[in-house]
Amino acid sequence: MNSRLAKFAIGQVVRHRIFPFRGVVFDVDPVFANTEEWWQSIPEDIRPTKDQPFYHLLAENEDNSYVAYVSEQNLLPDDSGEPVGHPQTAVIFESFDHGLYKLRPRISH
Numbered sequence: 021m022n023s024r025l026a027k028f029a030i031g032q033v034v035r036h037r038i039f040p041f042r043g044v045v046f047d048v049d050p051v052f053a054n055t056e057e058w059w060q061s062i063p064e065d066i067r068p069t070k071d072q073p074f075y076h077l078l079a080e081n082e083d084n085s086y087v088a089y090v091s092e093q094n095l096l097p098d099d100s101g102e103p104v105g106h107p108q109t110a111v112i113f114e115s116f117d118h119g120l121y122k123l124r125p126r127i128s129h
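For this note's numbering, count along the sequence shown from 1 and bump the result up by 20.
Quick caveat, the hints were computed from the structure, so don't treat them as lab data.
You can take every hint at face value.
When the alpha-carbon atoms are kept at most 35 Å apart in a straight line, the in silico DSBU-like pairs for lysine-lysine are as follows:
1) K122 - K70
2) K27 - K122
3) K27 - K70
Generate coordinates for the entire structure from the input sequences, incorporating the hints supplied.
Encoded structure:
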């Protein structure tokens, strides 16, 4: 298997290449790790390949906040310097500085 490094880091703010939303990365899968049903639901003409990193985002658009799962090929860095307005950012991250979020220290049970 061809091993690739993720282009975007946890805590980095990104935006979607096609659709009008942005978000902060909170997890990365080295290759597609969602259901086949989810993958098939993407229109074929814009369906990404599975052999690339996929990012879990705390995302927002003009109307809503939500969790998104997006292929690397469909993401671009967000250079706005603005924080993401998702309510869960304060749960996962402790601060925002210069366009990057810093993870909270891990809490063990």
